[in-house]
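Chains as they are written, first to last, in the working numbering: chain A, 1 to 504; chain B, 1 to 504.
Treat the hints with caution; some may be incorrect.
Chain copies aren't distinguished; within one or between two, either way the pair holds.
To be verified - Subject to a maximum C-alpha distance of 30 Å in a straight line, what follows is the list of computed DSSO-like cross-link-like pairs (lysine-lysine):
#, residue 1, residue 2
1, K268, K296
2, K271, K185
3, K496, K482
4, K494, K280
5, K98, K39
6, K268, K156
7, K271, K13
8, K17, K496
9, K296, K482
10, K271, K17
11, K284, K17
12, K185, K13
13, K168, K284
14, K284, K482
15, K168, K189
16, K482, K272
17, K233, K496
18, K421, K284
19, K39, K284
Hints listed in this document are in silico derivations from the structure and should not be mistaken for laboratory results.
Protein chains: 2
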Amino acid sequence: MFESAELGHKIDKETYKSEEPALREALLEAQMDTLRLAKYPVVILIGGVDGAGRGETVNLLNEWMDPRHVQVHGMGEPTDEELQRPPMWRFWRVLPPKGKTGVFLGSWYTEPILQKVFSEIDDAAMVESLDRITRFEKMLTDEGALVLKFWFHLSKEKQKKRLSDLEKDPKTRWRVTERDWEHFKMYEKFRAVSEMTIRHTSSAEAPWIIVEGADPRYRSLTVGKILLEALKKRLEQGEAKPAAIHAPPLLPSIDNLHILKTLDLTQKLDKKTYEAELEKYQGKLNLLSRDPDFKKISVIVMFEGNDAAGKGGGIRRVTSALEARVYNIIPIAAPTDEERAQPYLWRFWRHLPRRGQLTIFDRSWYGRVLVERIEGYCSEADWMRAYGEINDFEEQMAEHGVVVVKFWLSISNEEQLRRFKEREDTPFKRFKITEEDWRNREKWGDYERAVCDMVERTSTDIAPWTLVEANDKLFARIKILKTLCNRVEAALDKVKGKEKGKKK
Amino acid sequence: MFESAELGHKIDKETYKSEEPALREALLEAQMDTLRLAKYPVVILIGGVDGAGRGETVNLLNEWMDPRHVQVHGMGEPTDEELQRPPMWRFWRVLPPKGKTGVFLGSWYTEPILQKVFSEIDDAAMVESLDRITRFEKMLTDEGALVLKFWFHLSKEKQKKRLSDLEKDPKTRWRVTERDWEHFKMYEKFRAVSEMTIRHTSSAEAPWIIVEGADPRYRSLTVGKILLEALKKRLEQGEAKPAAIHAPPLLPSIDNLHILKTLDLTQKLDKKTYEAELEKYQGKLNLLSRDPDFKKISVIVMFEGNDAAGKGGGIRRVTSALEARVYNIIPIAAPTDEERAQPYLWRFWRHLPRRGQLTIFDRSWYGRVLVERIEGYCSEADWMRAYGEINDFEEQMAEHGVVVVKFWLSISNEEQLRRFKEREDTPFKRFKITEEDWRNREKWGDYERAVCDMVERTSTDIAPWTLVEANDKLFARIKILKTLCNRVEAALDKVKGKEKGKKK
């Protein structure tokens, strides 16, 4: 894999001098066109061997391009705010918006590669990490991002020479750290792990480009030319067209039986039972939130449901059990322009709670496969890939100890009609009902199918859907509280290392 | 000051029961109207004595109002990301956007009060802190925010009883911490410092409202009614009208002599000297940025100047001296909608660098007193108050060890004309010149006056303006690099505790 990058590629001074100015001008122009178009971000990863010129290349890119629209991320040690969220959070928060360029010197590859080299993880875990990276990058490119991954290589001999040379010159001595030599001793190990990494993560959309790093002129010109070509090609394509879908259709409902039909919507609670249960589960939730171990987990509670199914009331019964400083509610409205300039899930990632916090999403990332699917706000390709992206997202949360609780509040068509009319007749509630609600009602069947597809594809062991029979508000609220208590309790038990058998 | 809050105010159960529902409904309605109007944020501060019901009140507000549009901030220990910025950064980052409500349990008062009680600061320092707070709150209300500050008070006797009662009940025991009792022992001290605080920071726009905290019904009803009245009154006013300006006019230029005229724009560097100096100062800047103590400071370099004065070129000569991961460039464009929903300075606060970083602003917060003043994008009241707000902003940076370097690049009217024409004639540069540039040129005199006012009012010892004679680009670039080197060097010297006499 690295053979071609050990041939001793070289560019002489004259060639470089004759080619550089035009390349530079063309790069700047392509960058400005990308900025003006503002339809996709450019993500550049710079990986490779120590001393192979990664830092120099980044500095050079900043000289060639307009540095005002390039963000360079060294990605050193994570901050404590970052450590409190899933590992990818720190990359999501600095993704470049559409039109801009983000250069990552340290990237999502750094951790797994170091872990593997220092034998902290085995092959299987490494493959799992790389697989996750591949899916993340697939998401980026599907969202339109231009992703360029450069790998700077040096043969062992060349690396040694380069480090020694740098060290000899008092001006560059600072560049060589003890860590560099330590890593050098493990050259073979690094090489093997790097090869594995490159092999597993070179996709059609985001292939690794291996560049011999020994000769600065060769290295620079190569990177510049590849970048220019990529920018131009992407500009020619303009706004990414939705990819054609070759996937088989979702399971058709030929017998008209589906999961929502299995719900017994007649379930009820009388007022007295309700009040007793409410006190019981609100008290329990309150206690759980004050458990010292609660500071070790975080909780996401997500509410989706039919219009007028009682999401607001359900949320209130949860929040009134909690100290105000423990929770935060994110009502999902139209995205802001900063959010529109990012991949779809960005506006949810940014709200992930730190440990000890509970965040309630009033509507959520499932909008993609519900309203956006039905109203055609996104292409079929977009919502079809959303299922997998959402599962990845939730898996990352779960692995980080975030309890993900998802509620679908289900009411019958007739009950919705009754509530709509009631809202219209109550002056105080009139603002809650709009023309749009009536229009949505006409698409009842579409929503039903979308919900069934959603549950089928995203109800997982780590983040299961709880379908809540909500024709009776009292019944629904108790089911919500009970479910939430159980999930939080189970998570705390897990933290405490108790037997899992205990949980209900 | 606390006398009226020690009278033993009480509301009986019946009165409360009869008044609460209407209050609650009216509050919700007022909140929704505020949200729909979306013209100003509501900032609620909850301060006061331990055990006086601060937490309960916040929980209650969240029950009464729609919690989806209320953000509660406990403001515990600052995170490491917060510690790397000036102390107010953590409050700026969570200010509620227009239409929403932010409730602060811990606030900008917490630190100074605790410091004073524990004698870490003297009276003078306390007054200084409080003065800064007053100015901050003035800025908030000038920006349209509705600011409500509640102080919950208990007499010493009542506080003791309340803590004991809470402790006796197993259900509420968790609420009383050792710290509460520790603080109780210092009741008198707290009382004195609180009084001083309230006295110094009760302004017409943001007065403290002292509420007796002993009786929950009295406390709740009082807060609810005050909040409701404030919301309604503010709604009646609608969008805040710019306050009339009673200030005397700025110094008129009756002899036509001003600071820009004192610049000798004929200053030049020949190419050879330039190249030698460039290497010298870029090298120096590079070394400075690699000084181990550089990690203890941060640097802000701000570029303002006439159109076509060479800001871009100046920035490049700075960045090409630095490792890409050390700096970040913020080009100031039109604000995003998230930025528009916040006080003017918010969009600059959010970009303050962490330690060890250098951030370059390509145009800056001075837009308020330059283009916005001249084009009438904001009212006279807005830009007149901006000078003071900006000085406060920069003072906070300076006190936190941020080196604030401000450049005004000045060219002559004739030189600008020459450069505009050159840009029009060069295909590659044509995109850099627009109709707007020509229009701005017609306002040369207005800009000149605005620049003079700006320099006069915002060039301070801690953040001085450097006027750069920029008719000769080479001269300008060297002056920029040299100034920057000197400022950074001085800051590093200060960190190292060296004699200040050494610096040039």
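Going down the list of hints, with the structure as the test:
{"no.": "1", "hint": "K268 <-> K296", "in the structure": "neither (36 Å within a copy, 63 Å between copies)"}
{"no.": "2", "hint": "K271 <-> K185", "in the structure": "neither (72 Å within a copy, 47 Å between copies)"}
{"no.": "3", "hint": "K496 <-> K482", "in the structure": "within (21 Å within a copy, 59 Å between copies)"}
{"no.": "4", "hint": "K494 <-> K280", "in the structure": "within (23 Å within a copy, 61 Å between copies)"}
{"no.": "5", "hint": "K98 <-> K39", "in the structure": "both (5 Å within a copy, 28 Å between copies)"}
{"no.": "6", "hint": "K268 <-> K156", "in the structure": "neither (73 Å within a copy, 50 Å between copies)"}
{"no.": "7", "hint": "K271 <-> K13", "in the structure": "between (86 Å within a copy, 23 Å between copies)"}
{"no.": "8", "hint": "K17 <-> K496", "in the structure": "neither (65 Å within a copy, 43 Å between copies)"}
{"no.": "9", "hint": "K296 <-> K482", "in the structure": "within (21 Å within a copy, 50 Å between copies)"}
{"no.": "10", "hint": "K271 <-> K17", "in the structure": "between (84 Å within a copy, 20 Å between copies)"}
{"no.": "11", "hint": "K284 <-> K17", "in the structure": "between (73 Å within a copy, 27 Å between copies)"}
{"no.": "12", "hint": "K185 <-> K13", "in the structure": "neither (33 Å within a copy, 78 Å between copies)"}
{"no.": "13", "hint": "K168 <-> K284", "in the structure": "between (67 Å within a copy, 20 Å between copies)"}
{"no.": "14", "hint": "K284 <-> K482", "in the structure": "within (9 Å within a copy, 65 Å between copies)"}
{"no.": "15", "hint": "K168 <-> K189", "in the structure": "within (26 Å within a copy, 63 Å between copies)"}
{"no.": "16", "hint": "K482 <-> K272", "in the structure": "within (17 Å within a copy, 79 Å between copies)"}
{"no.": "17", "hint": "K233 <-> K496", "in the structure": "neither (54 Å within a copy, 52 Å between copies)"}
{"no.": "18", "hint": "K421 <-> K284", "in the structure": "neither (36 Å within a copy, 74 Å between copies)"}
{"no.": "19", "hint": "K39 <-> K284", "in the structure": "neither (49 Å within a copy, 40 Å between copies)"}
Hints 1, 2, 6, 8, 12, 17, 18 and 19, counting from the list given before, are not met by this structure.
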